[in-house]
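Colleague: Sequence:
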Amino acid sequence: MAAPRRAGRQKPQLPTCYYEGNLEKRSFKDKTGRKLWTSLCGNSLFFFNNSKDNDVSLLSKELFYMEKLDLSEFVSLNDDSSPDRKLEAARFQLHLKSGDFHLTAPSLEARELWKGFILSVVELTVPSALNLLPGQIHMLREVVEKERSRRKPLPALPSTNIPAQQVYITPLCDMPACYQLVSRAEAELILERNQEKGNLLLRPGRDGTSFAVSTRQEINGVMKVHLSFSFSSFTLSSHHSSVYKHYRVTRRHEGGFTIAVENP
Numbered sequence: 105m106a107a108p109r110r111a112g113r114q115k116p117q118l119p120t121c122y123y124e125g126n127l128e129k130r131s132f133k134d135k136t137g138r139k140l141w142t143s144l145c146g147n148s149l150f151f152f153n154n155s156k157d158n159d160v161s162l163l164s165k166e167l168f169y170m171e172k173l174d175l176s177e178f179v180s181l182n183d184d185s186s187p188d189r190k191l192e193a194a195r196f197q198l199h200l201k202s203g204d205f206h207l208t209a210p211s212l213e214a215r216e217l218w219k220g221f222i223l224s225v226v227e228l229t230v231p232s233a234l235n236l237l238p239g240q241i242h243m244l245r246e247v248v249e250k251e252r253s254r255r256k257p258l259p260a261l262p263s264t265n266i267p268a269q270q271v272y273i274t275p276l277c278d279m280p281a282c283y284q285l286v287s288r289a290e291a292e293l294i295l296e297r298n299q300e301k302g303n304l305l306l307r308p309g310r311d312g313t314s315f316a317v318s319t320r321q322e323i324n325g326v327m328k329v330h331l332s333f334s335f336s337s338f339t340l341s342s343h344h345s346s347v348y349k350h351y352r353v354t355r356r357h358e359g360g361f362t363i364a365v366e367n368p
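If you read the sequence shown in my numbering, its first letter stands for residue 105, the second for the next number, and so on.
Source of the hints: derived by calculation from the structure; they are not laboratory data. Just so we're clear, the structure is a prediction, and the values are computed from it rather than from any experiment. Just so you know, not all the hints are guaranteed correct.
[To be verified] Pairs of lysine-lysine residues, derived as PhoX-like cross-links and limited to a Cα-Cα distance of at most 20 Å, are as follows:
1) Lys201 / Lys172
2) Lys301 / Lys256
3) Lys129 / Lys139
4) Lys201 / Lys133
5) Lys129 / Lys201
6) Lys133 / Lys172
7) Lys172 / Lys129
8) Lys301 / Lys349
Using the sequences plus the hints, can you model the full thing?
Modeller: Below, the structure written as structure tokens:
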């Protein structure tokens, strides 16, 4: 009898993704491994049954993660020198408090990158003992800054004489589904990649004490299409482009919120 399919969580709801690619995963109790599309989102590894093949159009309702490893339980990470039938493959071992896992990257370079991203997220510092290019080190520095920012608690509101239930929104648990802990640039990327989900999201403001609404709108533009016939040729033009706007949302002392729609 086939095992019932587990319900997964949609990828667009996951934390910010820093790195992704194919990995073969096997726990120490498993006899064989499984090749899965793997995403490092926040401080967790998410494993998907679908191969993404670098096509962002697959970020859709049908894409669910099958398993998650919480890196807050991190113990250590080291290379696995045991032989592999694929000579170009590169193994490494991830040790967590909840168990140990064999991971296999498609190449030595890919293994170094995975180790670099994982250690950067866990230790919040760029590892110095890995064989990485300057551009890759720069990417890891950006990841460290993003992860530090993501882990910052929401700032407390200034004290007022207004009853707390009229001023406070309980962080995260009472936030609307469109709220994402992302930056301005990340908001634009999410709206571009997940157009079927809508064209608006709520996020923290730049000053750390307010919110911001980010929107995406499609504007008709121009795309050249050349047509040629035996007697003549001509060009048709048609395309669309995206326009992003960001509006600041601030709390009012008398209660409620104000959206600065006249000054994006």
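Colleague: All hints, please: hold or fail.
Modeller: How the hints compare with the structure:
The hinted pair formed by Lys201 and Lys172 meets the criterion: a straight-line CA distance of about 14 Å does not exceed 20 Å. Between Lys301 and Lys256 the alpha-carbon distance is near 27 Å, which puts this suggested pair outside the 20 Å criterion. For the given pair, Lys129 sits about 6 Å from Lys139 by alpha-carbon distance, which is consistent with the 20 Å threshold. Distance check on the hinted pair: Lys201 and Lys133 sit about 15 Å apart at the alpha-carbon level, within 20 Å; holds.
This hinted pair checks out: Lys129 and Lys201 have alpha carbons roughly 17 Å apart, not beyond 20 Å. This hinted pair checks out: Lys133 and Lys172 have alpha carbons roughly 17 Å apart, not beyond 20 Å. Restraint check for Lys172 and Lys129: satisfied, since their Cα atoms lie roughly 11 Å apart, inside the 20 Å limit. Distance restraint check for Lys301 and Lys349: the Cα-Cα separation of roughly 17 Å lies within the 20 Å cut-off, and the hinted pair is therefore satisfied.
Comparing the model with each earlier hint shows a violation of hint 2 alone; every other hint is respected.
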